[in-house]
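There are 2 protein chains.
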Amino acid sequence: MKKHNFSAGPCILPQSVLQKSAEAVLNFNNLNLSLIEISHRSKDFVEVMETAQSLALVHLQLQNKGYKALFLQGGASMQFLMTAYNLLEKKAAYLNTGTWSEKAIKEAKMLGEVIEVASSKSENFNFIPKNYNIPKDADYFHCTSNNTIYGTQMQDFPKTEIPLVCDMSSDIFSRQLDFSKFGLIYAGAQKNMGPAGTTLVVIKEEILGKVSRAIPSMLNYKVHLDKDSMFNTPPVFSVYVSMLTMQWLKDSGGISAIEKVNNEKAALLYSEIDRNALFEGFVSKKEDRSKMNATFNLKNDGLKATFDDHLKQAGINGINGHRSIGGYRASMYNALPLESVQVLVDVMQTVEKGA
Amino acid sequence: MKKHNFSAGPCILPQSVLQKSAEAVLNFNNLNLSLIEISHRSKDFVEVMETAQSLALVHLQLQNKGYKALFLQGGASMQFLMTAYNLLEKKAAYLNTGTWSEKAIKEAKMLGEVIEVASSKSENFNFIPKNYNIPKDADYFHCTSNNTIYGTQMQDFPKTEIPLVCDMSSDIFSRQLDFSKFGLIYAGAQKNMGPAGTTLVVIKEEILGKVSRAIPSMLNYKVHLDKDSMFNTPPVFSVYVSMLTMQWLKDSGGISAIEKVNNEKAALLYSEIDRNALFEGFVSKKEDRSKMNATFNLKNDGLKATFDDHLKQAGINGINGHRSIGGYRASMYNALPLESVQVLVDVMQTVEKGA
Ligand SMILES: Cc1ncc(COP(=O)(O)O)c(C=O)c1O
Ligand SMILES: Cc1ncc(COP(=O)(O)O)c(C=O)c1O
Ligand SMILES: [Mg+2]
Ligand SMILES: [Mg+2]
Ligand SMILES: [Mg+2]
Ligand SMILES: [Mg+2]
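Sequence order for the protein chains is A and B.
Just so we're aligned, residue 0 is where the first sequence starts under numbering that gives the first Met the number 0, counting upward by one.
Just so we're aligned, residue 0 is where the second sequence starts under numbering that gives the first Met the number 0, counting upward by one.
Since the hints were derived computationally from the structure, they do not count as laboratory data.
One thing to keep in mind: the hints can contain errors.
Some, not all, of what chain A presents toward chain B, calculated at C-beta under 8 Å [as the list claims (entries may be wrong)]: (1) 2; (2) 4; (3) 9; (4) 10; (5) 12; (6) 20; (7) 77; (8) 106; (9) 196; (10) 233; (11) 236; (12) 237.
Taking CB as the label site, the calculated pair distances span [said to hold, decoys possible]: (13) B:65 with A:159: 49 to 55 Å; (14) B:132 with A:31: 48 to 54 Å; (15) B:114 with A:57: 48 to 54 Å; (16) B:322 with A:109: 47 to 53 Å; (17) B:225 with A:180: 34 to 40 Å; (18) B:225 with A:251: 46 to 52 Å; (19) A:31 with B:53: 33 to 39 Å; (20) B:251 with A:180: 52 to 58 Å; (21) B:132 with A:57: 46 to 52 Å; (22) B:225 with A:114: 26 to 32 Å; (23) A:57 with B:175: 47 to 53 Å.
The structure presented is a predicted model; accordingly, all values stated were derived computationally and were not measured.
Note that the Cβ used here is the ideal one computed from N, Cα and C, for glycine as well.
Work out the full structure, taking the sequences as your base and the hints as a guide.
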């Protein structure tokens, strides 16, 4: 039975990408060798890494603007630490919009002073704070563009003279933005970019080299930049599948084309959440709703078993809310077709009719 | 054409493992979902992680002896840093047997005093130093069991009261040892265990908790142990393929059985290197020769083109020496069949006859 995969991450990838990845595991580039059993220094794999790095910059329109792309290990969680290790000399400003922001703040505090410019914690992170002040003398400002757990998404980013550092793990490549506003962007691959196991870091090189501490090799962006993400053995398979996914995005018309589909999918689901009396959205202000992760609740708990049963029958996967907030979460990443959202909406309407 | 894959890492994996991995990328556990698009918190993946951790302890005969196994990201290079971060309070003792030892020493020096107990650097690391003294008041002793680049391997490990920490990246699961002598063992997966992208760390829990510094979450073994390698999203594919490879090893009779084959392969190749007047081994003392990576030179450079051509015609892949020492390196990891070594020996004899 066909599955409709609303998983929050690791999550749905394009079927053609899965097909090519499986083939490469058996025989890569007609070498009669598997992708995962060749040297990462071989011509064939170096080309994969270079293509992946280049596609990331192309999608973000950051070629020839002083930026470089890295594919590292450790997940976005390692970036909570690395951003601070490389950029935090005295103090840094953080916007607290959820669990992931909090974890980033925790690591940064080990290395310097952290100014929390605003927080939505008291409201269980159900909105995005606005109108905060960023201290001009902070080393950088850190924010989370999309809050995977709560289903909120930043629409605007502050104008500031200090480097803007952003965790885009769950909405990278989903919408057009002026990415050249950012000093550093990072994203775990396992949402819109590929499988778990690698993390994209896009850095404006000029923001580096300003801290006085000694930085361990593996935590040092400069070390990885000097070796083009090959300081040590890279996560070969994850980089390859990310490359294929970015290639698929390019062939699909790039970010501008996928953004239109993402807007349609979000509009379809949110209008049903609003229209259908059985459901309500989790996010308090509609303008903060995420187009990637739609969080909602069933108002009447007594219908949960029925709803869950219909979801299962329809082949819907991965739609439970994060354990910290409960309810439901429909993640609608780039690779999820509009058709899957329609199937979910149909289920919501079926349950409404039966209730 | 069938390839004989002597690559030093990433390297050959069992064909049945590649087959199952490719299938899982398309449809995992008959879920009609790919292994790489399901939540790492799903029952199906949690089982993979638990099985992988358990198989690692089984192979090392370390169950119920106070050890835990972790699968982390970052490669063995991240362990150069993490071992020191978690264990080095004042000073640590290191044996320097090659590039990888040196890199481990470099990271440790950022965190405390390093006593280099012995080094073979002046001889281009072509032997393993013996009869050194380990300071009793060091926090731990670190060594590299197999030196991938130079083709040397430690046969004996020092008796010492302080924790023994060992980088077994290139010979893990290849031979029987009393693994309970070690306080911490780490190994990048991409040789005997699986594809690049994950690193096995086996820790005797009692050696932790003795340093006074604050440890960042992602570098903290305790944090990862408390979450059973799921503090953040693990490298799903790499852990799965590692699990399959360890399963294959178990089905093949475990370390004791594979060690016999590894001994046969090494004996076959080294006797030819010694017998054949065209070749000479790189390692100065025969007792230090590695059974995983056999390094050798062609005495007459004029025959290089001929030898390389014959290697190519025979389908031999990945046999060039590391760029830092040149010559040839035949890596004979667990998954390499005896047959491939025979093909290499045949080529060496063919070139001898023609010369
Ligand atoms: C926005 C965001 N940041 C960070 C993370 C942590 O990523 P990782 O598990 O790769 O460390 C996640 C994981 O879901 C996330 O959604
Ligand atoms: C013995 C040894 N230690 C460490 C490393 C570094 O491993 P990684 O590239 O996973 O950081 C290697 C790589 O070949 C190795 O052979
Ligand atoms: Mg969040
Ligand atoms: Mg409603
Ligand atoms: Mg070495
Ligand atoms: Mg000889």
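Checked hints:
no., hint, verdict
1, 2, "5 Å, holds"
2, 4, "6 Å, holds"
3, 9, "6 Å, holds"
4, 10, "6 Å, holds"
5, 12, "5 Å, holds"
6, 20, "5 Å, holds"
7, 77, "5 Å, holds"
8, 106, "6 Å, holds"
9, 196, "3 Å, holds"
10, 233, "7 Å, holds"
11, 236, "5 Å, holds"
12, 237, "6 Å, holds"
13, B:65 with A:159: 49 to 55 Å, "51 Å, holds"
14, B:132 with A:31: 48 to 54 Å, "51 Å, holds"
15, B:114 with A:57: 48 to 54 Å, "50 Å, holds"
16, B:322 with A:109: 47 to 53 Å, "38 Å, violated"
17, B:225 with A:180: 34 to 40 Å, "38 Å, holds"
18, B:225 with A:251: 46 to 52 Å, "41 Å, violated"
19, A:31 with B:53: 33 to 39 Å, "34 Å, holds"
20, B:251 with A:180: 52 to 58 Å, "55 Å, holds"
21, B:132 with A:57: 46 to 52 Å, "57 Å, violated"
22, B:225 with A:114: 26 to 32 Å, "30 Å, holds"
23, A:57 with B:175: 47 to 53 Å, "51 Å, holds"
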